[in-house]
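*Asks:* Sequence:
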Amino acid sequence: MAACGLELHGRGPYLLGMNDHPAVRGARRSGFRTAATEAWAKAWIARMAERSTPPLESTWVETSLGRTHVVRSPDPGTGRDVVCFPGFGTNSGWWCVAGNLTPLTQVARVWIVDVPGQPGLSAGWAPPFARDGYDLWIEQLVDGLGLDSVSLMGVSLGGLLAVRGSVRLGSRAERMVLLAPGGFVRPWVGLAGMAVLLRHYLNATPQTTKQFVRECVLGPQQLEPEPLAELEDALFRFGTGFSNRSRIPPLLANGMLRASKAPAMIIVGESDPIFSARRTLERARRLMPNLEATESMAGHGHGLEVSGPVMELAATFIGAGP
Numbered sequence: 230m231a232a233c234g235l236e237l238h239g240r241g242p243y244l245l246g247m248n249d250h251p252a253v254r255g256a257r258r259s260g261f262r263t264a265a266t267e268a269w270a271k272a273w274i275a276r277m278a279e280r281s282t283p284p285l286e287s288t289w290v291e292t293s294l295g296r297t298h299v300v301r302s303p304d305p306g307t308g309r310d311v312v313c314f315p316g317f318g319t320n321s322g323w324w325c326v327a328g329n330l331t332p333l334t335q336v337a338r339v340w341i342v343d344v345p346g347q348p349g350l351s352a353g354w355a356p357p358f359a360r361d362g363y364d365l366w367i368e369q370l371v372d373g374l375g376l377d378s379v380s381l382m383g384v385s386l387g388g389l390l391a392v393r394g395s396v397r398l399g400s401r402a403e404r405m406v407l408l409a410p411g412g413f414v415r416p417w418v419g420l421a422g423m424a425v426l427l428r429h430y431l432n433a434t435p436q437t438t439k440q441f442v443r444e445c446v447l448g449p450q451q452l453e454p455e456p457l458a459e460l461e462d463a464l465f466r467f468g469t470g471f472s473n474r475s476r477i478p479p480l481l482a483n484g485m486l487r488a489s490k491a492p493a494m495i496i497v498g499e500s501d502p503i504f505s506a507r508r509t510l511e512r513a514r515r516l517m518p519n520l521e522a523t524e525s526m527a528g529h530g531h532g533l534e535v536s537g538p539v540m541e542l543a544a545t546f547i548g549a550g551p
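Reminder that position 83 of the sequence shown reads as 312 in my numbering, one-by-one numbering, no gaps.
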């Protein structure tokens, strides 16, 4: 991954001192527990970006939540841009680990963001969801990348951020793809799944992390041995080596979903053990005015950003936009 070192400021610079903005007051700071873990994270994210086809490059944007790290694909000349938000406890490398981004990079320039407060390379400030700190950050991010209009895409927590960002950006948000999005229904796992979750988050070992990935992240979905091993190793290192102090977000309000006017597609995994696929789609169909397409993927769990078929569906939808 070539670190281009650019600071793109679009409609105006945002300085670290702006953390006292009312929207981000009360932000908690997450961070890596050791310098060695942070160095490993930098190397892993760079390696995953290089694995992508085409390889992704690194850039940075200053925002009210601090310096935000983004990886980007080359411009395919289509005039489209899509900003992607990873889920809770993950980062931009997750989207690259299986090498399935190619369909999306052919229809749009892809920007994958390390969400502040999650175990990526962005500054660690995570604002409370009761305020609009993340919404402000998304607007500053899009401005800083120099984008007038953009499609938004997110998985899990990133899907919730995409919805909030679409409302904040208004007509600048051209299209939106949500993968197993958070904020539509409350998380639900059965007793067996709860045991796996607790073992992973309270007393993680390489073995409990493997079980967590296969039962709670992927479900029946299969990955090749190499990316699967990469995913399991990364999740263990980030789970044990990163102090995540971001809050669990509440449900998206009915009014927020009604106010999201971007033409949208929602993709869920039929075997998602965290968010009910059926109830997610039911609420979306009832409240989102411009929901154009839904897909329920057989043989898929929660981690849809690593799926080749999911990326092909997303690319088709994004590519049909302006």
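Don't take every hint at face value.
20 angstroms max Cα-Cα, derived SDA-like pairs, lysine to any residue [said to hold, decoys possible]: (1) K439 x T288; (2) K439 x E541; (3) K271 x E521; (4) K490 x R474; (5) K490 x T469; (6) K271 x A549; (7) K271 x G399; (8) K271 x S259; (9) K490 x S400; (10) K271 x E444; (11) K271 x R515; (12) K490 x G399; (13) K439 x P454; (14) K439 x V414; (15) K271 x S400; (16) K490 x A549; (17) K439 x R415; (18) K271 x G306; (19) K271 x E286; (20) K490 x F317; (21) K490 x D364; (22) K271 x G255; (23) K271 x A252; (24) K490 x D361; (25) K490 x S472; (26) K271 x H250.
Pair ranges (Cβ atoms, derived) [stated by the list, open to error]: (27) W417 x R515: 14 to 22 angstroms; (28) N519 x W417: 21 to 29 angstroms; (29) E499 x G308: 13 to 21 angstroms; (30) G399 x G260: 31 to 39 angstroms.
Since the hints were made in silico from the structure, they are not lab data.
Values in this document were obtained by computation on a predicted structure and should not be read as measured data.
Even for Gly, the Cβ is constructed at its ideal location relative to N, Cα and C.
*Asks:* Is K271 close enough to E444, meaning Cα to Cα at most 20 angstroms?
*Replies:* violated, 27 angstroms
*Asks:* Is K271 close enough to A549, meaning Cα to Cα at most 20 angstroms?
*Replies:* violated, 35 angstroms
*Asks:* Does T469 sit within 20 angstroms of K490, going by the straight-line distance between their CA atoms?
*Replies:* Not satisfied, since the Cα-Cα distance of roughly 39 angstroms exceeds 20 angstroms.
*Asks:* Keeping to a limit of 20 angstroms between CA atoms, is the pair of K271 and G399 held or broken?
*Replies:* With a Cα-Cα distance of about 34 angstroms, the restraint between K271 and G399 is violated, given a limit of 20 angstroms.
*Asks:* Regarding the pair K271 and H250, is the alpha-carbon distance no greater than 20 angstroms?
*Replies:* violated, 29 angstroms
*Asks:* Just to be sure I understand the hint, the distance between the Cβ atoms of N519 and W417 should be within 21 to 29 angstroms; is that true here?
*Replies:* The hint (21 to 29 angstroms, Cβ to Cβ) holds, given that N519 and W417 are roughly 27 angstroms apart.
*Asks:* Is K490 close enough to F317, meaning Cα to Cα at most 20 angstroms?
*Replies:* This hinted pair is violated, its Cα atoms lying about 25 angstroms apart.
*Asks:* Mind checking the alpha carbons of K271 and R515 for me, to see if they're no more than 20 angstroms apart?
*Replies:* Outside the cut-off at roughly 42 angstroms; violated.
*Asks:* Does A549 lie within 20 angstroms of K490 when you go C-alpha to C-alpha?
*Replies:* Holds. K490 to A549 sits at ~17 angstroms (cutoff 20 angstroms).
*Asks:* Holds or violated: the 14 to 22 angstroms window for the beta-carbon distance between W417 and R515?
*Replies:* Given range 14 to 22 angstroms: holds, Cβ gap about 19 angstroms.
*Asks:* Regarding the pair K271 and S400, is the alpha-carbon distance no greater than 20 angstroms?
*Replies:* violated, 35 angstroms
*Asks:* If you draw a straight line from the CA of K490 to the CA of G399, is it 20 angstroms or shorter?
*Replies:* holds, 7 angstroms
Comparing the model with each numbered hint stated earlier shows that hints 1, 2, 3, 4, 5, 6, 7, 10, 11, 14, 15, 17, 18, 20, 22, 23, 25, 26 and 29 do not hold.
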